[in-house]
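Engineer: Each protein sequence line maps, in turn, to chains D and U.
If you're matching positions, the first sequence starts at 0 in numbering that gives the first Met the number 0 and goes up one per residue.
If you're matching positions, the second sequence starts at 0 in numbering that gives the first Met the number 0 and goes up one per residue.
Hint data in this document are derived by calculation from the structure and do not stem from the laboratory.
From a predicted model like this one, the values you see are computed outputs, not experimental measurements.
Among these hints, one or two may not hold up.
Partial selection, computed: residues in chain D whose CB lies under 8 Å from chain U [to be verified]:
1. S113
2. K116
3. V194
4. S307
5. H309
6. V435
Cut-off 30 Å, straight-line C-alpha distance, at most; resulting in silico cross-link-like pairs (DSS-like, lysine-lysine) [claimed, not checked]:
7. U/K456 with D/K259
8. D/K456 with U/K198
9. D/K320 with U/K233
10. D/K258 with U/K233
11. D/K198 with U/K198
12. U/K361 with D/K459
13. D/K456 with U/K337
14. U/K116 with D/K258
15. U/K198 with D/K459
16. U/K258 with D/K116
17. U/K459 with D/K459
18. U/K456 with D/K198
19. D/K259 with U/K412
20. D/K442 with D/K19
21. D/K259 with U/K233
22. D/K459 with U/K465
23. D/K442 with D/K409
24. D/K198 with U/K361
25. D/K233 with U/K320
26. U/K258 with D/K198
27. U/K198 with D/K444
28. U/K444 with D/K198
29. D/K465 with U/K456
Stretch by stretch, here's where chain U covers chain D in the computed footprint (C-beta under 8 Å, at least three residues) [stated by the list, open to error]:
30. 159-169
31. 199-210
Glycine included, every Cβ here is placed at the ideal spot set by N, Cα and C.
There are 2 protein chains.
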Amino acid sequence: MKITRYFSDLYKVPRNPSFKSLTEKDLKYFESILPSSCIVKENLESYNEDWLSLVKGNSSLLLRPKTTQQVSAIMQYCNQETLAVVPQAGNTSQVAGGVPVHDEIILSTSSMNSIFKFDENLGVVWCDSGVVLETLNNYCMERGFIVPLDLGAKGSCHIGGNLATNAAGLRYIRYGSLHGNVLGLEAVLADGEVVSDLKALRKDNTGYDLKQLFIGSEGTLGVITKLALLLAEKPTSQYVACLGCESYEKVLQVLSLAKKELGEVISAFEFLDKPIYDLILKNVTSTRDLLRTHHNFYVIVETSGTNSEHDLEKFESFLEKVTLTGMAQDGILAQDEKQAQEIWKVREGTALSTKMEGHVFKYDVSLPLQEMYRVVERVRKRLTEEFCAGYGHVGDGNLHLAVATKNPEKTAKALEPFVYEEVQRLQGSVSAEHGVGLTKPSKLKYSKTPQALQLMKQLKTLFDPKGILNPYKVLI
Amino acid sequence: MKITRYFSDLYKVPRNPSFKSLTEKDLKYFESILPSSCIVKENLESYNEDWLSLVKGNSSLLLRPKTTQQVSAIMQYCNQETLAVVPQAGNTSQVAGGVPVHDEIILSTSSMNSIFKFDENLGVVWCDSGVVLETLNNYCMERGFIVPLDLGAKGSCHIGGNLATNAAGLRYIRYGSLHGNVLGLEAVLADGEVVSDLKALRKDNTGYDLKQLFIGSEGTLGVITKLALLLAEKPTSQYVACLGCESYEKVLQVLSLAKKELGEVISAFEFLDKPIYDLILKNVTSTRDLLRTHHNFYVIVETSGTNSEHDLEKFESFLEKVTLTGMAQDGILAQDEKQAQEIWKVREGTALSTKMEGHVFKYDVSLPLQEMYRVVERVRKRLTEEFCAGYGHVGDGNLHLAVATKNPEKTAKALEPFVYEEVQRLQGSVSAEHGVGLTKPSKLKYSKTPQALQLMKQLKTLFDPKGILNPYKVLI
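Chain D with its partners taken away, still in its complex shape (with noise of 0.2 Å):
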């Protein structure tokens, strides 16, 4: 509880008093528009609260449309009345970028949640915005294809945020962004007006691509209701190892490496230092020792193809020739699926076992490779008490860097602004894959030019010049 209120003052941002509070005659207007299952007026705490504990918003209602029909006319309402809304898919953020911060309507997506077309030729699925990435993906490999974006929130999150988000996740290094693979996208403006272009074209060169500006837009331009995906043919093998390396510049020399020699098939490299990996033995039921030696480095890699005999191959030839010229000092190739699940657990226990010691300060920062682990370092010296520990998808250039503490206050002081002026120095990004949400507003000037900031206020005053659509976040 102490540290849940050590956030909410750090993100109190005063209410815009140009937004109507809700009246009678407000949710009289949403009972004559909506069936009562869409109205949820009681019982609202999960909705209002962020998945990290970070803000507790104080809504007082929650509608969940069935139809793009229902949720323009709900934004043409709020847009004549001036009532914030806050669109919510999974509530996963981990910017508390889906939550109420004072009393914004939540407009859940949870009840838009057909999948409503696939085509086998194409490779493309059309669904609603509000299903669950899971359940896509579910459906997906039933058919022969894959979902090419894979998360830790897979059960919870919805596809329609992960566009908001534009997400990225475990397998971004194979299948890249969602800005490459979104072929269609149907969404409500602030003022109640549907664009949609679902026509799921591989190849569509008519005019501004409008689709990529709500992709990573977080809900601030409009409410994504339907999409088109491309979807990756299925695997029909997979392999994935872990490696243990002596130095951050050995990892460097094994990506380059696995690049060149799994070049098509490679599918995930991800990174661990020493501090996280030991940490997550000790906190996290169910995961062991992967390797029989100790490291100060761990990479997991993983390929996935479309034939068995040809990826051991090129698995075990890459292998040998990291071991060989002693990129790696030891390494295991599961065998089978259950030991290539006992080795994505471990990567997996990085949350989880950061959160047993104390409360977490975590980054998501993008960083050029060769500067990536000297961050940690430099954070590891100012701070020579605490816990602190890199990870991520290095493949990427994606650092994960959790700090864990007794001390909260003391500590943010030690790490902000330092950490977004080393982001900032090195040409990085404060913001990987997470988003800006309610959290980094303040942030952005790291990252961005003030004529990007100037250029990105006017593009949200051009599709939503009351501001009524996620108050708050991205831009302040």
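Got chain D; can you put chain U on it based on the hints?
Structural biologist: Chain U only, in chain D's frame:
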């Protein structure tokens, strides 16, 4: 000449009277801010005329700045004076997108052509927008990478023009869209403001992804001056085959099998129908029949990978299945570089072969795969006396439809709006990869909703209130 005139009439747009005509005072100003080598006032014919000779503009001034600052100074002045400007890259547009329509100042990027940074670990190259695509690719090839974009005009087109038009080409099926591969971009807005983000991070979720707006906006929202591009590893193994199929349905079966069997190594999947194949053999010297037998359809499949033995094994197994199941009746796998070039020479002969048959109407449309060839058949039914053929990037749903005629006026009436209405009915795109330019703004209504067009216009007004950037193009 007759044919050029036919088109010139077709694309005649009245001059926007709000644009100022160039004066001596303006010239003096440009002379004061630019070296004399950057100012060209004579022999502008080739810059005034587009690649397909559809348009002859009447510009009397070409500026070719060397730096972003110079571009900025030019735009600032032009905006202040309401002087219209057409950004011009390699002038290889298929839709007259890069030439003046009236007396617009031509702003050429040809003197901004330095490749200024390369990162082997990331596989990223940074360069000016005026670098020729082939030059850039050669530079990257020497360093173990390739530009994830390949198209016929590579010897002339600029990488900045490729971005501005969201160019696609032959290997799109493998490497996907520039929306996914462009990591950084610098652009000068209509008022001279510079928006720059060249950090080139694979992951950066810090607000609206502004660069996406410039990709595919054809120079109407800003002038791209610099960029950072994610490269693909240079393949160490490449195979290409030509197959003969008896029906379009069989072509689709081959495509489906290729995706499954060749999976991660497939790098091109093209098709040609019998009329265009035969015409190429007849009209294009140094091409020869690739197969011993004749077929209704020809398919070209290419793989690019990192292991020659594996790729060959996959390709041979694929070819065996294709033949045994009767999907293809004949086929040839190139045994060496020479044979591979012979196959590609046929594919590349399409443009030249039709040009020799009279006036050519060419359509570049996206269509649902199942329906794609039926459109060609329907057009053929309407034009029993004209040459009519279909070919293109079937792997991406992109059809090129070519009609050659001695009687363009009559043929035009039979073709339009018929072709566009077919595209609309089938929920396709009236421009898959060539863009809108000057020739297709009036066709956008067949692909875009009124809401989308409205939003595009609002964006144009936000970025370029006076409409001076590439006027008469994209939007009308």
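Engineer: Hints first: check each against the structure and report whether it holds.
Structural biologist: Going through the hints against the structure:
1. Checking D/S113 against chain U: minimum C-beta separation of about 20 Å lies over 8 Å; hint violated.
2. Interface hint status for D/K116: violated, as the beta-carbon distance to the closest one in chain U is roughly 12 Å, over 8 Å.
3. Given the 8 Å rule on beta carbons, the hint for D/V194 holds: about 5 Å separates it from the nearest Cβ of chain U.
4. Here the hint on D/S307 is broken, as its CB sits about 12 Å from the closest CB of chain U, past 8 Å.
5. Annotation: D/H309 was flagged as interfacial toward chain U, and the flag holds, the nearest CB pair being 4 Å apart, inside 8 Å.
6. Evaluation of the D/V435 hint against chain U yields a held restraint, the C-beta minimum of about 6 Å falling below 8 Å.
7. Simply put, U/K456 and D/K259 have alpha-carbon atoms about 45 Å apart, too far for the 30 Å limit, and the pair is violated.
8. Proximity of D/K456 to U/K198 is assessed by CA-CA distance (about 21 Å); at most 30 Å being required, the pair is judged to hold.
9. Straight-line distance between C-alpha atoms of D/K320 and U/K233 comes to about 20 Å, which keeps the hinted pair within the 30 Å bound.
10. Between D/K258 and U/K233 the CA atoms are separated by roughly 11 Å; this keeps the pair inside 30 Å, and the hint holds.
11. Using a Cα cut-off of 30 Å, the hinted pair D/K198 and U/K198 is violated, with the two alpha carbons roughly 33 Å apart.
12. A C-alpha spacing of about 39 Å is found between U/K361 and D/K459, which places the hinted pair above 30 Å, so the restraint is violated.
13. Distance hint between D/K456 and U/K337 is unfulfilled; the C-alpha atoms sit about 55 Å from each other, more than 30 Å.
14. Restraint check for U/K116 and D/K258: satisfied, since their Cα atoms lie roughly 20 Å apart, inside the 30 Å limit.
15. The straight-line distance between the Cα atoms of U/K198 and D/K459 is roughly 24 Å, inside the 30 Å bound, and the hint therefore holds.
16. Annotation: proposed proximity of U/K258 to D/K116 holds, straight-line Cα distance about 20 Å (limit 30 Å).
17. As the CA atoms of U/K459 and D/K459 are separated by approximately 15 Å, the hinted pair is consistent with the 30 Å bound.
18. Our distance criterion of 30 Å between C-alpha atoms is met by U/K456 and D/K198, whose separation comes to about 21 Å.
19. Of the pairs offered as hints, the one joining D/K259 and U/K412 is violated, with about 54 Å between alpha carbons and a cut-off of 30 Å exceeded.
20. Pair hint D/K442 plus D/K19 holds up; C-alpha atoms about 29 Å apart against a cutoff of 30 Å.
21. With a CA separation close to 9 Å, the supplied pair D/K259 and U/K233 stays within the 30 Å bound.
22. The straight-line distance between the Cα atoms of D/K459 and U/K465 is roughly 21 Å, inside the 30 Å bound, and the hint therefore holds.
23. Of the pairs offered as hints, the one joining D/K442 and D/K409 holds, with about 20 Å between alpha carbons and a cut-off of 30 Å not exceeded.
24. A C-alpha spacing of about 22 Å is found between D/K198 and U/K361, which places the hinted pair at or below 30 Å, so the restraint holds.
25. Note on D/K233 and U/K320: the hinted pairing holds, with a Cα-Cα distance of about 20 Å set against a maximum of 30 Å.
26. A hinted pair counts as satisfied when its Cα atoms are at most 30 Å apart, and U/K258 with D/K198 qualifies at roughly 22 Å.
27. Taking the CA atoms of U/K198 and D/K444, the gap is about 14 Å. The hint holds against a cut of 30 Å.
28. Taking the CA atoms of U/K444 and D/K198, the gap is near 14 Å; set against the 30 Å cutoff, the hint holds.
29. Taken as a hint, the D/K465 and U/K456 pair is honoured in the structure, with Cα atoms around 20 Å apart against an allowance of 30 Å.
30. Note: the segment 159-169 of chain D has 3 residues with beta-carbon separation from chain U under 8 Å; the three-residue rule is met and the coverage holds.
31. Counting residues of the segment 199-210 of chain D whose CB lies closer than 8 Å to any CB of chain U gives 10, so the stated coverage by that chain holds, three being the minimum.
Hint check: violations occur at hints 1, 2, 4, 7, 11, 12, 13, 19; the rest are consistent with the structure.
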